[in-house]
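S.K.: Protein chains in written order, with our numbering: chain F, 11 to 414; chain X, 2 to 301.
These are calculated hints, taken from the structure and not from any lab test. Some hints here could point you the wrong way.
[To be verified] Sample of chain F residues facing chain X (criterion: CB under 7 Å; computed from the structure): (1) Thr70; (2) Ser72; (3) Thr172; (4) Asn240; (5) Gln376.
We put the beta carbon where it would ideally sit given N, CA and C, even for glycine.
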Amino acid sequence: MLVGAHVWSQQPVTISFLLRAVEADQMQGLAEQFMAENPNIRIQMVRGPNAADAVENLYTTSFLLGDSPYDILFSDVVWIPKFAAAGWLLDLSDRVSEADLSDFLPADVAAGLYQGGLYRMPFRSDMGMLYYRTDLLEQVGLAPPETFDDLITAAETIQAQTDVDWGFTWQGLQYEGLVTNFVEIIAGYGGFWIDPTTLEVGLDQPAGVQAVEFMKGLIDRRISPPGVTNYIEEDSLRQFQNGNVAFLRNWPYAWAEANRPGTPVAGKIALKPMVHAAGEQPAACLGGWGFGISSTTPHPEEAWRVVEFFTSPGPLKDFITEFAYVPSRRALFTDPDVLATFPHYEQLLEVAETAVPRPPVGQYAQVSDILQRYLSAAISDQMTAEAAMRAAAGESRRVLGVEG
Amino acid sequence: MVSRDYIRRREQRTGWLLMLPALLVLLLVYAFPILRAFWLSFFTENLSTNLEPVFSGLDNYGLMVGDGRFWQSMRNTAVFTLFTLFFELGLGLIIALALDQAFRGRGLARTIAILPWALPTALIALAWRWIFNTEFGVWNDMLMRLHLIGNPVNWLGEPFWAMVAVIAADVWKTTSFVAILLLAGLQSISQDLYEAHALDGASPWQSFRQITLPLIAPQIVITMLFRFAQSFGIFDLIQVMTGGGPGGATETVSIYIYAAVMRYLDFGYGAALVTVTFLVLVAVVALSWLYISRLRAKTE
């Protein structure tokens, strides 16, 4: 045993984590840089399937077995509360200073908090926003919309006065994307889905019902195509790219896609924070990826060194500049080198400041599935907005154990 | 004198001893997980209890009664099972009757017939997902060339058509298996019976009704049992083709159990779902067994 320990201390420690194969390719450069600087630590990136939920299932299975082969969890922002609630992650709050945390987007930090502990270091961020056609707004003589009503007016005016078919496309299929759209709208009405501290459910309050009625109204008034209830990101983007629609709700990646040379709308688009009700604040649903550390890893110190490296300003800047991702550190949005490559990051920061996380509750997957079911039923006219939200709120309270 | 009884008892004991390892394995592999799931279903063990089991009596079963998703998945499973069983038995019987006739290349035809069954389900499901793809699928392409539809149909995106699609895929895959099972039954029927029946003036249809069907009834029931158990637990085909969507329209009980355990980490509730599914299966199998033994008693 002693001999074994002695031999091991001579060996470099291997820190391993699982991630989608495409991302492993992208992160290989950073990993090699780290290993060159830290010869006593090896990073082993296990290449997983390219579907994020398949990766989540693989992590879940390995953690359920009790002795995870992964020292680090590379995680979508919405997995964190579940993994933290299950006790699979280390609390990182002692390892990181307040000063360093304050450099990250507040929503990115908030998304890693679970019952007072910090379980995630943000890596790359993501957030929803409104894209619009500058040429069309100019043509009809309107300013970019601020409120929900502005958006409806602008869309209907453009649809009436130009040859653009549709006003606004978004993501209406029954899947996680629908929930991210809804989170922005309910917050824009001043409401909330679940309060993470009190576990109060706000879906059946007036703002929740208003949010669903707004989404339904877009389809009823033919501002959004009827097929929007089957749209994911690509479908809504394709309509916008082809010049068929005036407004689009999407993630930052859509900017480069819509501006690709040869695209009909290239150079004619701009982005801004999501619209909201008069007197309320805009909201952007937070997505993105970050790192947690397994509570069963035999090498927490080395794992932390790896996480610290990946999330530190230098490597993060190299990474987001090379692969056109959105940083989780606020300073990088206004960094001259970053702005030289991505001039629109200045507006993107405006959006990023409005970001809100999805409720960090352990049962997130369950409450999201419930919301998806009832939202889909409501926007496809199988239920009224009020009935759908009442049912969704009731089931969510049961799952969260707060009988209302 | 050593009695014959003694020898027999000794042989019996040796027999039991020899079977013991196999029985232990069976107990470990089958009985233990089922009993454990049954036991766990009386506990709440999920994220709200920090994954520790807390005794909660019949709470999980109470939740199930009010769980719309459970009933929807049960309904989907029943629809899927009924329709696949119906078509697979019907088509399987026709194919079996055809393969039972003497014709050139019969051996080859029988081999080809079993192919869909021999291919891995996940691969087949992937292929069907492409066939039913809205923009690039051959199925839409064929229908549009024949002018049967004007615009591409979103087969896997519409609740009704998605269910039709997964049923069609399962029928394609499993009919040959049903045909082979029924063919075995057909081949055990003596040709003399048909000759005698024909001499009595019976038409082929009468022979089929009065000889073929009654004599392969046990095979039909056993095939139904097999297929029922498999269809009721269907997971791979649907998981790959639709993932249970759109909007849970093709979500079966197995897929729901998987979500409850793997995604929600709700082990207690998952165990209750497993228990109920298991009991439904056992009830149906027991009823069929009763029916078979009655049938046997009648023929003997």
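S.K.: Each hint: holds or not?
M.R.: Each hint tested on the structure:
At about 6 Å, the closest approach between the beta carbon of F:Thr70 and any beta carbon in chain X falls short of 7 Å, and the interface hint on this residue holds. A cut of 7 Å between beta carbons decides the hint on F:Ser72: the least distance to chain X is about 12 Å, and the hint is violated. Interface hint status for F:Thr172: violated, as the beta-carbon distance to the closest one in chain X is roughly 25 Å, over 7 Å. Restraint check, F:Asn240 versus chain X: the minimum CB separation of about 5 Å is within 7 Å; hint holds.
The interface hint given for F:Gln376 holds, since its Cβ lies 5 Å from the closest Cβ of chain X, which is under the 7 Å cut-off.
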